[in-house]
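Those protein sequence lines, which keep their order, are chains A and B.
When we follow the working numbering, the leftmost residue of the first sequence carries the number 271, and every step to the right adds one.
When we follow the working numbering, the leftmost residue of the second sequence carries the number 271, and every step to the right adds one.
Note that these hints are calculated values from the structure, not bench results.
Owing to the predicted nature of the structure, the values given are computational and were not obtained by experimental measurement.
Honestly, I wouldn't trust all of these hints.
Each pair may be met inside one copy or between any two copies, as identical chains are not told apart.
Said to hold, decoys possible - Think about it this way: if two alpha-carbon atoms lie no more than 25 angstroms apart in a straight line, the pair counts; the simulated DSS-like pairs of lysine-lysine are:
#	residue 1	residue 2
1	Lys284	Lys295
2	Lys287	Lys438
3	Lys334	Lys432
4	Lys284	Lys301
5	Lys301	Lys285
6	Lys445	Lys405
7	Lys329	Lys438
8	Lys362	Lys287
9	Lys287	Lys329
10	Lys285	Lys362
11	Lys301	Lys287
12	Lys432	Lys340
13	Lys362	Lys330
14	Lys432	Lys329
15	Lys362	Lys432
16	Lys445	Lys295
17	Lys285	Lys330
Number of protein chains: 2
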Amino acid sequence: MVGFQVMDVFEAIKKRKSVRSYLDKAVEEEKLSMLLEAARLSPSARNIQERRFIVVLDKKTRQKLMVAAKNQSFVGEAPVIIACCAIVTDYKMTCGQLAYPIDVAIAIDHMTLAAAELGLGSCWVGAFYEDQAKKVLGIPEDVCLVEMLAVGYPADSYPNEKNRLPLKEIVMREKWG
Amino acid sequence: MVGFQVMDVFEAIKKRKSVRSYLDKAVEEEKLSMLLEAARLSPSARNIQERRFIVVLDKKTRQKLMVAAKNQSFVGEAPVIIACCAIVTDYKMTCGQLAYPIDVAIAIDHMTLAAAELGLGSCWVGAFYEDQAKKVLGIPEDVCLVEMLAVGYPADSYPNEKNRLPLKEIVMREKWG
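Please model the entire structure based on the sequences and the hints provided.
Next up, the structure:
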């Protein structure tokens with residue numbers, strides 16, 4: 271068992287930051303499995319489980335994904351990129367939202383908090399040309415590459431917390447306004 | 271400080287289930303604040319922070335939301351409904367995904383894991399008529415009610431774990447297939 275400090279949910283929420291600078295250090299397979307297990311256990315609408323994950327460790331492939339991701343250097347630097355895909359269906363929930371982007375987001379959010387507990391940094395990557403990244407990974411047409419997740423050991427101490435609006439500006443009681 | 275058992279992230283991930291039966295017991299304000307703080311600290315694309323949350327405790331309002339939610343009884347039964355909204359922008363990430371449904375999902379996922387740690391059950395509600403629910407809550411036109419979250423103390427011992435596909439069916443290495 272690889273070592274890590276067990277962390278409660280609120281600690282992980284506070285510790286999780288978008289890490290854009292990584293050590294040149296591999297992520298242990300055991301930790302990778304735990305991240306993927308976190309994704310696997312996460313819920314999806316009607317338990318459709320349309321999410322699929324491609325774990326990319328190969329440096330050349332990661333370099334190509336970096337190019338597809340508008341040359342954001344951390345995408346090539348992170349030792350692990352997880353391409354988070356969905357087998358696309360037109361299924362919209364009654365509220366009108368497409369289910370698959372939300373379902374993928376749920377799985378990724380689970381992984382980011384699990385990563386924080388495992389001492390890993392992570393960063394959502396939404397800035398990439400989908401066609402180009404799909405070509406690199408051989409992803410078929412009926413599958414959407416919704417987001418990528420960079421994972422690795424943070425190079426620096428964690429970056430400063432981003433500003434967040436105070437609760438009173440984002441929470442209302444009983445009714446809007 | 272209200273009592274709860276500190277829980278590590280993986281424990282919370284395993285414990286979190288979709289709870290559709292609740293005790294008639296109020297959720298402490300302190301726990302509610304912690305849930306909302308979890309949502310507040312969660313990331314959003316470019317840190318837009320377009321998420322807004324309406325905490326509904328009033329029974330009559332919850333009953334109306336239950337009707338909007340296709341009469342799913344747990345929506346009226348849960349002592350707390352959090353209406354999770356987004357101030358809609360057309361902003362799409364480079365990958366082509368609309369940011370706001372994903373950003374709202376991230377906040378909700380944070381809350382569901384925090385709820386598990388706090389001994390609370392929760393359930394995503396996507397099956398509702400948006401226009402009807404928005405009218406109940408006075409939500410303006412340019413705001414989307416993306417999902418609702420039911421929160422409360424579970425009435426039963428936690429329901430059985432849902433089936434999930436094994437890792438080997440959802441994870442690939444280096445390339446699709």
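Okay, the hints, checked on the actual structure:
Taking the shortest alpha-carbon separations for Lys284 and Lys295, only the intra-copy value of 24 angstroms comes in at or below 25 angstroms, while the best inter-copy value is 29 angstroms. In the homo-oligomer, the alpha carbons of Lys287 and Lys438 lie at most 25 angstroms apart inside one protomer (23 angstroms), although the nearest pairing across protomers, at 29 angstroms, exceeds that limit. For a Cα distance limit of 25 angstroms, the shortest separation of Lys334 from Lys432 qualifies neither inside one copy, at 29 angstroms, nor across copies, at 37 angstroms. Proximity of Lys284 and Lys301 under a CA criterion of 25 angstroms is satisfied in both settings, with 20 angstroms inside one chain copy and 16 angstroms between copies.
In this homomeric assembly, Lys301 and Lys285 come within 25 angstroms of each other (Cα to Cα) both inside a single copy, at 17 angstroms, and across copies, at 20 angstroms. For the identical chains of this complex, Lys445 and Lys405 are inter-copy neighbours only, at 10 angstroms across copies versus 47 angstroms inside a copy, given an alpha-carbon limit of 25 angstroms. Taking the closest pair of Cα atoms, Lys329 and Lys438 come within 25 angstroms of each other only across two copies (23 angstroms); inside a single copy the shortest separation is 45 angstroms, beyond that limit. For a Cα distance limit of 25 angstroms, the shortest separation of Lys362 from Lys287 across copies, 22 angstroms, qualifies, whereas the shortest one inside one copy, 31 angstroms, does not.
Only within a single protomer do Lys287 and Lys329 lie at most 25 angstroms apart by alpha-carbon distance; the minimum there is 24 angstroms, versus 38 angstroms between protomers. Neither within a single protomer nor between protomers do Lys285 and Lys362 lie at most 25 angstroms apart by alpha-carbon distance, with minima of 34 angstroms and 27 angstroms respectively. Taking identical chains as interchangeable, the C-alpha atoms of Lys301 and Lys287 lie at most 25 angstroms apart whether they share a chain (18 angstroms) or sit on different chains (23 angstroms). Taking CA atoms no more than 25 angstroms apart as the test, Lys432 paired with Lys340 passes inside one copy only; the shortest distance there is 23 angstroms, against 39 angstroms between copies.
When the C-alpha separation of Lys362 and Lys330 is checked against a cutoff of 25 angstroms, the pair qualifies neither within a copy, at 37 angstroms, nor between copies, at 28 angstroms. Proximity of Lys432 to Lys329 under the C-alpha cut-off of 25 angstroms is found in neither arrangement, the shortest distances being 30 angstroms within a copy and 37 angstroms between copies. Proximity of Lys362 and Lys432 under a CA criterion of 25 angstroms is satisfied inter-copy only: 21 angstroms between copies versus 33 angstroms inside one chain copy. Taking the shortest alpha-carbon separations for Lys445 and Lys295, only the inter-copy value of 22 angstroms comes in at or below 25 angstroms, while the best intra-copy value is 50 angstroms.
In the homo-oligomer, the alpha carbons of Lys285 and Lys330 never lie at most 25 angstroms apart, since the shortest distance is 31 angstroms inside one protomer and 39 angstroms across protomers.
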